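Engineer: The lines below spell out each chain.
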Amino acid sequence: MSVERRIRPMRGRFQIDVLSEGELEQVHRATLAVLERVGVQITSERILRELAAAGAGVDLETSRARFPSTMVEEAIALAPSSYVLAARDPALDLAIGAGNGYLSLDGCAAEIVDLDTGRRRPPTKDDLVQATRLADAVDEVANLWPCVAVTDVPPHVQAVHQTHAQLASSTKHVTAMSTFSSRDARAVVEMARVVAGGDEALRARPILSSFQCSISPLSYEGDVMEAAVEFANAGLPCGFVAMAIGTATAPTTLAGHLVSVNAELLAGIVTLETLVPGAATYYGPYQAFMDLQSGGINLAWGPEEVLFKLAAAQLARRYEVPMNILGFGTGAKSQDWQAGAQHAIALMGVAVAGEADMIAATGTVYGSRVFAFENVVLDAELFDLVCHMLESVSVSDEDLALEVIEAVGPGGHFLSQAHTRAHMRELWMPRFFGRDTWEDWEAAGRPDPRDRARERLRQILTEHEPEPLDADVERELLHIIDVHERESEGAKHG
Amino acid sequence: MDEKIAALREAFYALDDQAAVRTTTELIEGGADPQVVLQTGLAEAMLEIGRRWNAGDMFLPEVVAAADIFQRCNSIVEPALIAAGGKTLGHRVVMATVKGDLHDLGKNMVGAMLKTVGFEVHDLGKDVPTDRIIEAVKEVEPTIVGLSSLLTTTVPEQRNVIRALEENGLRRSVKVMVGGAPVTQEWAEEIGADGFAPNAPEAVELALRLAGSERPPGR
Numbered sequence: 000m001s002v003e004r005r006i007r008p009m010r011g012r013f014q015i016d017v018l019s020e021g022e023l024e025q026v027h028r029a030t031l032a033v034l035e036r037v038g039v040q041i042t043s044e045r046i047l048r049e050l051a052a053a054g055a056g057v058d059l060e061t062s063r064a065r066f067p068s069t070m071v072e073e074a075i076a077l078a079p080s081s082y083v084l085a086a087r088d089p090a091l092d093l094a095i096g097a098g099n100g101y102l103s104l105d106g107c108a109a110e111i112v113d114l115d116t117g118r119r120r121p122p123t124k125d126d127l128v129q130a131t132r133l134a135d136a137v138d139e140v141a142n143l144w145p146c147v148a149v150t151d152v153p154p155h156v157q158a159v160h161q162t163h164a165q166l167a168s169s170t171k172h173v174t175a176m177s178t179f180s181s182r183d184a185r186a187v188v189e190m191a192r193v194v195a196g197g198d199e200a201l202r203a204r205p206i207l208s209s210f211q212c213s214i215s216p217l218s219y220e221g222d223v224m225e226a227a228v229e230f231a232n233a234g235l236p237c238g239f240v241a242m243a244i245g246t247a248t249a250p251t252t253l254a255g256h257l258v259s260v261n262a263e264l265l266a267g268i269v270t271l272e273t274l275v276p277g278a279a280t281y282y283g284p285y286q287a288f289m290d291l292q293s294g295g296i297n298l299a300w301g302p303e304e305v306l307f308k309l310a311a312a313q314l315a316r317r318y319e320v321p322m323n324i325l326g327f328g329t330g331a332k333s334q335d336w337q338a339g340a341q342h343a344i345a346l347m348g349v350a351v352a353g354e355a356d357m358i359a360a361t362g363t364v365y366g367s368r369v370f371a372f373e374n375v376v377l378d379a380e381l382f383d384l385v386c387h388m389l390e391s392v393s394v395s396d397e398d399l400a401l402e403v404i405e406a407v408g409p410g411g412h413f414l415s416q417a418h419t420r421a422h423m424r425e426l427w428m429p430r431f432f433g434r435d436t437w438e439d440w441e442a443a444g445r446p447d448p449r450d451r452a453r454e455r456l457r458q459i460l461t462e463h464e465p466e467p468l469d470a471d472v473e474r475e476l477l478h479i480i481d482v483h484e485r486e487s488e489g490a491k492h493g
Numbered sequence: 000m001d002e003k004i005a006a007l008r009e010a011f012y013a014l015d016d017q018a019a020v021r022t023t024t025e026l027i028e029g030g031a032d033p034q035v036v037l038q039t040g041l042a043e044a045m046l047e048i049g050r051r052w053n054a055g056d057m058f059l060p061e062v063v064a065a066a067d068i069f070q071r072c073n074s075i076v077e078p079a080l081i082a083a084g085g086k087t088l089g090h091r092v093v094m095a096t097v098k099g100d101l102h103d104l105g106k107n108m109v110g111a112m113l114k115t116v117g118f119e120v121h122d123l124g125k126d127v128p129t130d131r132i133i134e135a136v137k138e139v140e141p142t143i144v145g146l147s148s149l150l151t152t153t154v155p156e157q158r159n160v161i162r163a164l165e166e167n168g169l170r171r172s173v174k175v176m177v178g179g180a181p182v183t184q185e186w187a188e189e190i191g192a193d194g195f196a197p198n199a200p201e202a203v204e205l206a207l208r209l210a211g212s213e214r215p216p217g218r
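The listed protein sequences derive, respectively, from chains A and B.
Numbering that gives the first Met the number 0 puts the first residue of the first sequence at 0, with every later residue one more than the last.
Numbering that gives the first Met the number 0 puts the first residue of the second sequence at 0, with every later residue one more than the last.
Okay, chain A solo, but in the shape it has when bound:
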């Protein structure tokens, strides 16, 4: 039986502005002041020289670039507000900036919960293959990040092995991570070219994109920024993500946190647009807060997270740059009450944040450190629920059902009405939320949603076979990995 391949996007229609127009401008102006007076550190002489030539104030001694406001405003205007993240299967292309919110896997979890033992351990390349196969079969997951860090290969070749696992295990759009140098980026781009069918084909249909992270506060590693430029020069979108921790690597106050993160992200975007004008990029403010006792990330985050998300979405709208928003995130150790509450609150935040083009990041718990397979299908169910909520308000004559109400009259029931049968399948039906009676639940051994999720994912992992790559494409990818391994090894020792 062939199943129609499709992506389930969130189509937002609610928008809550937590900042007034005036407050939004205050944040923007404060950001411009930071970029002009404080600037950011970018440890790449090549990039700093190009920024200086374009009008930035550059101090090579301290690797500092300060951006005049006009340069910032002009560069942001060059960033496209819409583009396509293509997929190996064109039916799974993602139209960014068209009102769709696409869910991605989480990225590079340091550990995975073993499906058989239930214990956490370092992830392998095969884990990434299995997780990607799983995501390939889940309609809600649109964009494949490497959801676990591949730790059974040397760190300097992690990026190419991850990209290989992703490209070979799904026909969905691939987001590359761990490209920490232009050498990494070139190898990953080369792999994407092989799969897409050459440089031109890849430019026309970018089946792979990437993003780079700032080091908060206000820094970018030079190699990382050079990798971003490498992707952009190959015609591949490259976003910027900030993972500042309020109180530690960003101010404690919400407004100050926003300004600092906004400055980091705009610095990345301005740099990219200056070096590669018109490059497709995105704005990814991932909020985190410090645990005041331990100094680690606050795993019990609450209201600050949602407020930050909504305020940051207003900034992305102001700049007309596609946004990548954090849709999932929990400090829980498994998909328990805490995870359910934090996920639901965060996703509801996304639902009322207006249009969010990319929604990260499903699959992990414990502050994004630990991936578990069942999280993917459970998170997808919550995502589907929220999507449904956003889609379901309709008030046509047919929906108002006046004739049906009249036909049934007082004291009757609507069960046998044709109208009921015509519309009942519009109602949301869960896969994993428990809807059995207490008796049935006890008879089944008191299962919880995670048990049903594990059953489902085992079924997918047993049955689902993603469209494989051609054998010669596969051979070429392995060759690129091989060459990259040898060159990186040489570079390391040379």
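Bear in mind the hints are in silico, worked out from the structure with no lab data behind them.
Please read all numbers here as calculations on a predicted model, not as lab measurements.
Note that CB positions come from ideal geometry on N, CA and C, so glycine has one too.
Don't take every hint at face value.
Residues from chain B shown here face chain A by an in silico Cβ test under 8 Å; the list is partial [stated by the list, open to error]: (1) L14; (2) M57; (3) F58; (4) P60; (5) E61; (6) V63; (7) A64; (8) D67; (9) L104; (10) Q184; (11) P197.
Got chain A sorted already, so can you dock chain B onto it with the hints?
Structural biologist: Quick look at chain B alone, frame taken from chain A:
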């Protein structure tokens, strides 16, 4: 004729009431054995619909719609069945929403669906005093008494009805099934009922079990 009966069942699965009524009429007017039409057409279709409901492939409003179609078709088959001296209906059921409770949707659904598998249903309505239930049991001599209540305040009436059956020496001659939102298996056991079902389709299975038949009675 087999093809036509298959078409009748298909009309049920498609919930096409017009096609079902038309096919039933054609079968009966064409001289088909009404017993065969009832058993292999109408009842078999309802059993299959019950199976599909159980598997999650059909929803309750569809089952209720099918029950409505069953009743319309059965009203065509029944006169022919009686005229032919055939066996019409099997076990009788007396059902009621107990005293003090005006909620009868659940009981009505169970009643409608019991009819579809061949039970003769005597529905006493809602807010029914215990005396009336006892009278009806004496008069109808049912196999099963079904008691429904939605409210926690009226659920104790179910126990009162069972006691009254005992006091009138009727308890051994009937099976009592109870239902309603606050009712549980534990409650059913506590008050000495013979069975409980959490929803209408399972109530039908329970009734068939209590009547000592996994298949529609009258076969």
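Engineer: Hints broken by the structure, by number, lowest first?
Structural biologist: 2
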